[in-house]
Each structure stands twice: as structure tokens, then as C-alpha cells.
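Asks: For reference, the chains in residue letters:
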Amino acid sequence: MIEVLVAMVVGSMLIALSTSAVSTIRARWQSATDFHARIENQSRTVSVLYKLIERAVPFSLNPGGAAFEGTVDEIRFSAPAPLAFETSGLMRYSLRTMRLEGERYSLILDVLDTEGSSAPIISEVLFSDLNIVKFTYYENASSGVVSQTSWIGKKGLPGMIEVALKSAGEDQPVTRIKMRPRMTVDSRCLFDPVSRKCRL
Amino acid sequence: MWSRATSAGFTLLEVLVSLVILSLALSTVIPATLISYRRTILAADKVRADLLAQSIVEDVLLTDILRAETRRREEDGFVWVVDIRPVSRVGQRGENTAKLVEVIVEVSNGASGDLISRLSTQSVVANQ
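Those protein sequence lines, which keep their order, are chains A and B.
In this text, residue positions in the first sequence follow our numbering: the first is 1, and each later residue adds one.
In this text, residue positions in the second sequence follow our numbering: the first is 1001, and each later residue adds one.
Bear in mind the hints are in silico, worked out from the structure with no lab data behind them.
Check before you lean on any hint, since a few could be wrong.
Claimed, not checked - BS3-like, lysine-lysine: derived pairs with alpha carbons at most 27 Å apart: (1) A:Lys155 - A:Lys134; (2) A:Lys51 - A:Lys134; (3) A:Lys134 - B:Lys1099; (4) A:Lys155 - A:Lys51; (5) A:Lys166 - B:Lys1046; (6) A:Lys51 - A:Lys166; (7) A:Lys51 - A:Lys154; (8) B:Lys1099 - A:Lys166; (9) A:Lys134 - A:Lys166.
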């Protein structure tokens, strides 16, 4: 009788230990998988941002308009049209944050109407459920590299743009990605609205 | 009517054998799960380190003047080292001679020191 009781106690302890170990490992594995999925999602978003921002051009679609306008939560710039549009020339893009609820945001990419309407032709959610989305602008001044929280009323493009992203969740890190516009177009270029190309 | 075999339940031997089988099964499942967990964390770190390396390169190339130097910094649990080396002169640009520099960024784990990401790029800069 005592042997059976001892076996039952030992068995119960083993089962309890193994169950708790398995559930702990499963929870940590699930959390790591979720963490990895969010980081991967950030990486995909960053790829899109790199492709867009590195092709930004230093002139506006409308004569006299600003080439690049940027605040803490929105960027507007001109860049070549996506290949899917099967057209050459430039389009106006907007990267903006949209508040979902509380401190949760989405990062939205709008392809704006070239005719000047504020309604976007295409609106795409690049990343949803973020706690932090913030844009910072860097200028290579004579005194060194200067960071700014907005790029309004300035000519040309910022030297570099930093995007800070943090996925919703307590253990998520803040990812800061820096990217530079690479298109070297003459800043005296005037945009031709018919051909949608630059002419000097 | 209940037979003796049915009403007797499990013998001690049967219980012990089942516990051994359970232990064997867990001893293979738990390490495999732990390995998968570690690999998932490493993969996430690799993606973060790659993004950090790319941002560091962009930061370095923002300035027109690049001198041969090595910079080291700790950031977000990573340690990164940037090595800027002149490679060769590539031709004339006005009165200055342009030169080719190589920027090498290595991002390591801050705790273990293991190299996670290495990015190398070359850029033409004006010789100041």
C-alpha cells in the first residue's frame, strides 16, 4: 500500500513538474515567435520605406510647391510612380500615422492625386498596431549634422530621415531606421504636368 | 459483473513504465522547444542588427567628409563598430581628388559578444 502511495506521489510530482515546464516553455516560445513576427513585420515595412524615400526627388509636382514636407507624424514627397501604375513620371506620396485607439497607431501610405486633390488614389496600411511612429529629419549643415522635428518651408530634401517604430507590446524595442533620399536631380528642375517629367 | 483484471486498476510496474515513457517523450520535446525558442530569438536579433547596421551606414554616409577612423558604441543591447578605410583614389573632381572609402559595420550581441551582422559598402567622397 505504501509503495503504491509513494509511486502515486512521485508520479503526481513528475506530472506536475513536467506540465508546468511544458507550459512555461510553450509560453516563452509563443512570446518569442510573436516578437519575431513583429520584428519581421517591421523589416518588411522598412524595406517599403527605403524604396520610397530613397527615390524622393527634390522638386514638387506643382510649380512653387514644396518638394518635401515633413512633421513628426507625416511626410509628403514626390517620387517616381510605382511600376504597377504602368506610367512614367512622378507621383505624390504621403506617409502618415493614423490613431487607432489610445496610444495605438497605424502607419499609412497614401498615393495622392497628381491633380492636387487631397483624396488619395491608393491608401495602404504599411504597419498596424504601433505604439510609436515618429519622423526626424537631418540636415548636413556647415556646423555639422543637425536634427529637426519638422521639414516645412525648406528647399530640397533633408539629408537623412529617421523613422522610429515601436510595435504595441511591453517587450517590444524601439527600432530607429535612418534612410537617405538618393535621387540626384537638379533642384532647378521644373515639373511638367503634361509629361509628368522634369524639365530644366 | 466486474472481472478481477478490470477492477484491479494499474499495477505499480505499469505506472512506472508509463512514467518512463512520459519522461522520454518530454526529454525530447523540451530540448527541441528550447532550441526553437533560442533560434527564434536569434533570428529576431539578426533582423534588428541588420536594420541597425543599415542605419549606421546611412548615418556615416550623410557627411561628405569621411576620415579613416574606427567608432564603437553600445545601443539597444548591441555593440557596433564602424571602420572607415580609404580604398583608393578614383579620379579628379574639380581641384580635389575624389577617393573611394569602404565603410564596414559590425554589430555584435552586447552580452555574448557574438557577431550578428556585418555590412560593408563603398562610397566615393571628395578629398578634403
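Asks: Taking the earlier hints as the rules, which of them does this structure contradict?
Replies: 3, 8
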